[in-house]
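> Sequence:
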Amino acid sequence: MPEQKPKQNRAPAFAHILAARLSRRHALKGLGLGGSAIMLAGCGVPAPAAKQAAESVAEQGTLSFTELAHGLDKHLAVAQGYQAQVLVRWGDPLFSGAPEFDPSQQSAERQMQQFGYNNDFVGFVSLPLGSDNSDHGLLVVNHEYTRPSMMYPGSPERNQLDKDMALNDMMAHGLSVVEIEKRPDGQWQLILDSEYNRRITPQTEMQMTGPAAGNSRLITADSADGVRTLGTYGNCAGGVTPWGTILTGEENVDFFFGGDFKDSGEQENYQRFGMTEKHRGSWSRHFNRWDMSQTPAEPLHVGWIVEIDPFDPQSVPKKRTVLGRYKHEGANVFINTDGHVVAYSGDDEQFEYLYKFVSKNIYQPDNRMANLQLLDEGTLYCARFSDDGTMQWLPLIFGQGPLSEENGFSSQGDVLLDCRRAADLLGATPMDRPEDVEVNPVNGKVYVMLTNNSRRSEEQRDGPNPRAKNRAGQILELSPVDGDHSKEHFTWEMLLIAGPKDEQGTRYHPDISENGWLANPDNCTFDKLGNLWIATDGAEQYQMADGVWACEVEGERRALTKRFLRTPVGAELCGPFFTPDSENFFCAVQHPGDKSSFEQPSTRWPDFDPDMPPRPSVVVITKTGGGRVGS
694 MPEQKPKQNR
704 APAFAHILAA
714 RLSRRHALKG
724 LGLGGSAIML
734 AGCGVPAPAA
744 KQAAESVAEQ
754 GTLSFTELAH
764 GLDKHLAVAQ
774 GYQAQVLVRW
784 GDPLFSGAPE
794 FDPSQQSAER
804 QMQQFGYNND
814 FVGFVSLPLG
824 SDNSDHGLLV
834 VNHEYTRPSM
844 MYPGSPERNQ
854 LDKDMALNDM
864 MAHGLSVVEI
874 EKRPDGQWQL
884 ILDSEYNRRI
894 TPQTEMQMTG
904 PAAGNSRLIT
914 ADSADGVRTL
924 GTYGNCAGGV
934 TPWGTILTGE
944 ENVDFFFGGD
954 FKDSGEQENY
964 QRFGMTEKHR
974 GSWSRHFNRW
984 DMSQTPAEPL
994 HVGWIVEIDP
1004 FDPQSVPKKR
1014 TVLGRYKHEG
1024 ANVFINTDGH
1034 VVAYSGDDEQ
1044 FEYLYKFVSK
1054 NIYQPDNRMA
1064 NLQLLDEGTL
1074 YCARFSDDGT
1084 MQWLPLIFGQ
1094 GPLSEENGFS
1104 SQGDVLLDCR
1114 RAADLLGATP
1124 MDRPEDVEVN
1134 PVNGKVYVML
1144 TNNSRRSEEQ
1154 RDGPNPRAKN
1164 RAGQILELSP
1174 VDGDHSKEHF
1184 TWEMLLIAGP
1194 KDEQGTRYHP
1204 DISENGWLAN
1214 PDNCTFDKLG
1224 NLWIATDGAE
1234 QYQMADGVWA
1244 CEVEGERRAL
1254 TKRFLRTPVG
1264 AELCGPFFTP
1274 DSENFFCAVQ
1284 HPGDKSSFEQ
1294 PSTRWPDFDP
1304 DMPPRPSVVV
1314 ITKTGGGRVG
1324 S
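For reference, each letter of the sequence shown is one residue, going 694 to 1324 in the numbering used here.
There may be inaccurate statements among the hints.
Derived pair list, reagent style DSSO-like, types lysine-lysine, alpha-carbon separation capped at 30 Å [unchecked claim]: (1) LYS1221 with LYS875; (2) LYS767 with LYS1194; (3) LYS1288 with LYS767.
Treat the hints as calculated values from the structure; they're not laboratory data.
Assemble the whole structure, with the sequences as input and the hints as a guide.
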């Protein structure tokens, strides 16, 4: 991540708050076992369904799989009694008649018809629309960034690609939408002649919506009105809305730009976003759109949440500016008890913030067209934590408090374009890289993956309990007061503090095994019983593979994490996602063989073919003989 200068007008560092919070709770057996649960009926979950799920949890014990051992090798491994199928790989055809993958013959034209590189978020939406079918649906996958040194003969660096290679590289970004179906033999297959299949790339026409749309700062040669825009890239995590659309987060977009921006009028904004004159990639060397000396407003067109309708392949994706511009890990939507839509999102960088959005209008289960406009009006908040276990959501509203003309804002659109600076001024709490933020559908609490913060100093009382140079991260649990997610006051607890189980400062359930500890929680999901499934990115610093861990979040086994999956060497694990029946678990293996080369990869997973490089892939995991994953 780009180095940032110390920021002014900021709230106390989260490490200080965490230290104070845990110091008075250390007597509890395990972490948070004495915490009270909120009423299930107030969590946006129908009371009978919540009660039934809770009873099922109590009866089944929920996570009885045999734990997988730590390790680090060339292969993907899953818990005993489970099978992993590679569903789709980088370069696989997505359409009838599309070319087969050949690493020596790749071109932009070929790549546009194939599955992209470095799959991150994975979402599954059932077919037909509105059903809970777990055997047939649409798979939607983010393609975050590329690794040219792992993709092309000669192992070129990211900024060494010629124009044709740069265009090919560009088309490996964005998203893929593909129809999938489970066969009678239990294996999944792609439906290549599906009307739904689609590639979304950095060149796909899109539209800005909400308060920042049409802002004069957004005008470029490609966007004369500040509304039309092109493409999405740097897509990290995401979410699926109750009305069947996909939300994808644009994250580390600064790496795609280069060129002098001192006369752009956006110097402070771009520096705050990590922009640099250096051409760190090849797009800005060959295409004016990414050269800030030629198109100085282009960086303002990225850093948003993009909403995509996978059921309409002709639809124009919408950049929902009301959700703010920053390095979105993703966004996840929850229907509050009063019908308002609440979306949570993390700004994935060290010392950045946690955000919440509450819609102006109400979700209508029988009016999808109205729901498609819900993310255009409402209030965006940033989070401030207190050491007594409470927290407050601070509204980012033009004209209120410091968000005024005196501080350089002239409209709500400006507040959203300069979201990070606005949150600075409000005194939001700087966090240890807030990544995935998800609402548990059973207990209604919010779980925040905080990945690490290597830059905290002792003077900042760094890290949890406390830890300077936080290498391994932690998971935070937020509880809305009275189960109302639209309120400005919540309470918070720590679920766990990651790292080796015997290392000072880590906290898990006291009965955790030698294989149960984890590092660098990144993405998460929940099964139908409310168990938390955690995907990690960074565990190789401890000489073990990244992967998936699962734990219960209530009762006697709260925070008793168990390893379920292990990635091949060099890979992180992304995009955990269940089908509605929790019998199929999708996940993405990203950049296998990372830090090696095309000619001498550290693994050739998943093909293990001497003519093939390692290929990022989506995997689906099922229980041998059928049944709920985790049982």
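> Does each hint fit the structure? Answer for all of them.
Here is what the structure says about each hint:
Proposed proximity of LYS1221 and LYS875 is supported: the alpha carbons are some 20 Å apart, at most 30 Å. For the hint linking LYS767 to LYS1194, the alpha-carbon distance of about 25 Å falls within 30 Å, and the restraint holds. Between LYS1288 and LYS767 the CA atoms are separated by roughly 14 Å; this keeps the pair inside 30 Å, and the hint holds.
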